[in-house]
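> Protein sequence lines correspond, in order, to chains H and W. Residue numbering for the first sequence follows my numbering, starting at 1 and increasing by one per position. Residue numbering for the second sequence follows my numbering, starting at 1001 and increasing by one per position.
It should be emphasised that the hints constitute simulated quantities derived from the structure, not laboratory data. Every value quoted in this text rests on a predicted model; they were computed, and no experiment measured them. Ideal Cβ positions, reconstructed from N, Cα and C, are used throughout, including at glycine. Wrong hints could be hidden among the right ones.
[Unchecked claim] Among chain W residues calculated to face chain H with C-beta under 10 Å, some are:
no. : residue
1   : Ile1127
2   : Gly1163
3   : Val1164
4   : Leu1187
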Amino acid sequence: MERILFYILALIMIGFALASVMSRRMLRSVIYLLFVLCAVAGVYFMMDYNFLAAIQLTIYAGGIIVLIIFSVLLVHHIEMRMEIARPTRQLLTALACSLGLAAFLSVIYTYDFQVSGPGPGTEVSVIGAKLLDYGEGGFILPFEVISVLLLAAMVGAIVIAKGTKLSENKNEVK
Amino acid sequence: MPLRITENIHNWLFSVMPEGVASLVEMTLIAVVYLTIFAVAGLFLVLLERRVAAWFQLRIGPNRVGPQGLLQTMADAIKLLTKELTGTEKADKFLYNLAPYFVIISALMALAVIPFSAEFHAFDINIGIFFLIAISSIGVIGILLGGWSSNNKYALIGAMRSGVQTISYELSVGLSLLTMVVITGSLQLSEIIEVQKSGWLILQGHIPAAIAFMVFMISGTAETNRAPFDMVEAESELGAGFHTEYSGMKFAYFFLAEFINMFIISAIAATVFFGGWLSPFGITESIPELGVFWFLLKTMALVFLMMWFRWTFPRLRVDQLLTLEWKYLLPINLVNLVLMALLVWLNLTLRL
Chain H
1 MERILFYILA LIMIGFALAS VMSRRMLRSV IYLLFVLCAV AGVYFMMDYN
51 FLAAIQLTIY AGGIIVLIIF SVLLVHHIEM RMEIARPTRQ LLTALACSLG
101 LAAFLSVIYT YDFQVSGPGP GTEVSVIGAK LLDYGEGGFI LPFEVISVLL
151 LAAMVGAIVI AKGTKLSENK NEVK
Chain W
1001 MPLRITENIH NWLFSVMPEG VASLVEMTLI AVVYLTIFAV AGLFLVLLER
1051 RVAAWFQLRI GPNRVGPQGL LQTMADAIKL LTKELTGTEK ADKFLYNLAP
1101 YFVIISALMA LAVIPFSAEF HAFDINIGIF FLIAISSIGV IGILLGGWSS
1151 NNKYALIGAM RSGVQTISYE LSVGLSLLTM VVITGSLQLS EIIEVQKSGW
1201 LILQGHIPAA IAFMVFMISG TAETNRAPFD MVEAESELGA GFHTEYSGMK
1251 FAYFFLAEFI NMFIISAIAA TVFFGGWLSP FGITESIPEL GVFWFLLKTM
1301 ALVFLMMWFR WTFPRLRVDQ LLTLEWKYLL PINLVNLVLM ALLVWLNLTL
1351 RL
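With the rest of the complex left out, here is chain W (with noise of 0.2 Å):
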């Protein structure tokens, strides 16, 4: 159904339009639907933050606006946009405006990245993966910049704090998904996926790969910022943290970018070790269009899971966190690297 509805409407303005100017009306077309996507999914994400943690606090979180509360975040956003965008007297005004772009825009080139289904997939770049890594490392400069030009102290600190947690936890995020990339032998998503339709990878690889999955969803738990490792705006000891002196939408935009980093984390996990769209044992397979069911389902699993993350574990302090980082997680990365090229080259693979 869904691949009849875009080839109707790329057929339609082709034959409306001259060549190149079709091109350009689709491009600005599929950017569209992906910017309300990236609205839709970061607003929803945050009302199911504040409901699961009301469900883990025993309380009952948002529940006024519209059913159960589902219009809560909505009416927060029209309040963000008409809130006043205050900013310091002596800041950097040029930096300071553009910092939240970096996060945002960064966001929204790995979101274009992300298979939702087989035919739901906006660019198949055949590096995939690599494009993803590459791009996160982009986000943590608009972070860094914010913080350094909004001229404050707490901001100063939580740019710097944010500095040492990405660069160090890039490695075992690029280092734990090129673990599952010597099983596909492949870096561009739609083959991972196709790879995996004799068992998910997970599966596939056991042990190595179970390892990686979790070295990759602390580390990923790391990159985005969130808590446990939240140094960068813990609010006990640094008001806000590099978003101090923001207000309003801008304020908004680094904290939209947040939830949909949480999402494209969980999507890469869904995506490289759960079989992205797959169907579990193949049941609905006569049926494609199911595909972003099963995509969304284990992508939320992924989601829910790091929302257990932060309201179970307390903050870590700055050391403890290099510690994890270089003495535990970065060796036994390399170890489980190796371990998995002796898999995959012994033939000890696990296949349905």
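Here chain H stands alone, though its shape is the one from the complex (with noise of 0.2 Å):
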């Protein structure tokens, strides 16, 4: 059962992986991402990861793509088709993805993974205690960086969208 259930999830991820950069029409490819990620959260749930599968979800499915889409919404009308690229392109981009894909699979295949034992639980309180942990194996640094990263990212967003004032005659700018 949980095989099947795991071979039908990796199919549509690949599937549908496939179909979003073949996909010229812009919006299509954001929702067959969006499937790809619905996905990944399908294969937390089943690891029993509900947390990070609910994170999954909001952040990247419900976020992210509906960012997306709003960006999609604004610049692209629903007549345009993306470009085709030249052929030369087209043939180099082949070989640097197969060129990946078979790094990627050899180091799979050769490396000796070990079994791991049962892990510290995956309960929101036992990952909120990890988060605020300063002792060994706490992430509060990088939970701590994290913060400061984002409080920029926001602050630099208000300075950008805040613009220049415009002067009295609304013409030239001070």
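The task is to assemble the complex, starting from two chains supplied on their own in separate frames and drawing on the hints.
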């Protein structure tokens, strides 16, 4: 049962990932990408890691995809198609992709994976305690660094959105 | 009683079939039950909305089909099923047909997590509330897609407004629920109800809980795109908003999902603030079958409150809508969260 579900999810992921790259309509690509991300959330659910699955759904499916759709809505008309690349470029991309895939697969198949024992648990309380833990194996430093980074991004966004003030006659920038 | 019936069906299924097939059949049965609840609740809420609207406007409302018009929405649903499905020539057909399913599937998934009573609870996941927030953020994709792919300017403007509105108000919904999680100490919905056996959370948390409830109801109404926040389908400016080009059953999907979302918001509020299926002061604690009754009573009272909003307040402008969220609700919410944390820390919560 689990195995069948995993293969179904894997097929969905690979199929829609390919479709997302190959589609010539921008919004369809975004929706295929959404399906890939939802399937990843499904894999997390299968591993009983509910918290990560819900994060995947909120941040990626609900947040980032909505933002991408929003920007597509602003800049893209429904009749537009993405242009097809030149043949030489297509060939180069195919070569680079297959090289990357080969390297990736060879690393996975040659590495000797060990079966890990039961982890520290996936409850939200355990995750929260780990995030604020400054002892051994705690994640307080990355947590704080990320919060500073987000704050900087927020300040930057406000500065950009604010723009410059217009003067009285509203034509020239002060 | 309900436990007995499901237990008997469960045992019978596993006795006549191999295990894998039986669990598949069981899942299908549960899905069918929830689909039925979905359809019946949706139709009933549409009728309720029309009667309440009529009552507020001193009219009678639908009263011809069946006793007191009870069968009116059933008749409407059958009519919608038989209608032609029209579409625009230059629409993106694939996305156009896909959009209603996003809305309806996210509403159905949210319905599965809600505890109707102690036993009537399909999926008691340990991140309950967080899962609800995650699911509700996906529904808006359906609206955005429907608006864009129908290749209609009104639909596109409606979809854009919906995106802005849902992204902003999701923050307030999440933060106000987070304020209550500070008291409960758990995200699991069954445990949240367990905590409330010593007093409903709105009493336990008194002032910050009341503020959180108000913020939740306002932002919940905005999340479901209902008046006074129905910028998405403002009839007087946008035709029908994002579903202008939809007809027949595809339109009905959007319509039903809107009402089910209203039910879900009220159900979350009833569960988190008013004790879910617990009876007031434990008066019917000896009869656990009444849990569904109490749950539905509380939820319906809150649904009525949302309908009251709709027929009382005029529609907001887009800028007012965003000012309300970013300049008022969000700061209030953040201060409220700190206040609640202080309250729990200093042990000032009320317990019976």
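> Mind checking the CB of W/Val1164 against every CB in chain H and telling me if the closest is under 10 Å?
holds, 8 Å
> Taking 10 Å as the limit, does the beta-carbon of W/Gly1163 come near enough to a beta-carbon in chain H?
holds, 5 Å
> Minimum Cβ distance from W/Leu1187 to chain H below 10 Å?
OK, holds: W/Leu1187 within 10 Å of chain H, min 6 Å.
> Against chain H, with CB atoms and a cut of 10 Å, does the hint on W/Ile1127 hold up?
Interface hint status for W/Ile1127: holds (5 Å vs cutoff 10 Å).
Violation of the numbered hints given earlier is absent; every hint is satisfied by the structure.
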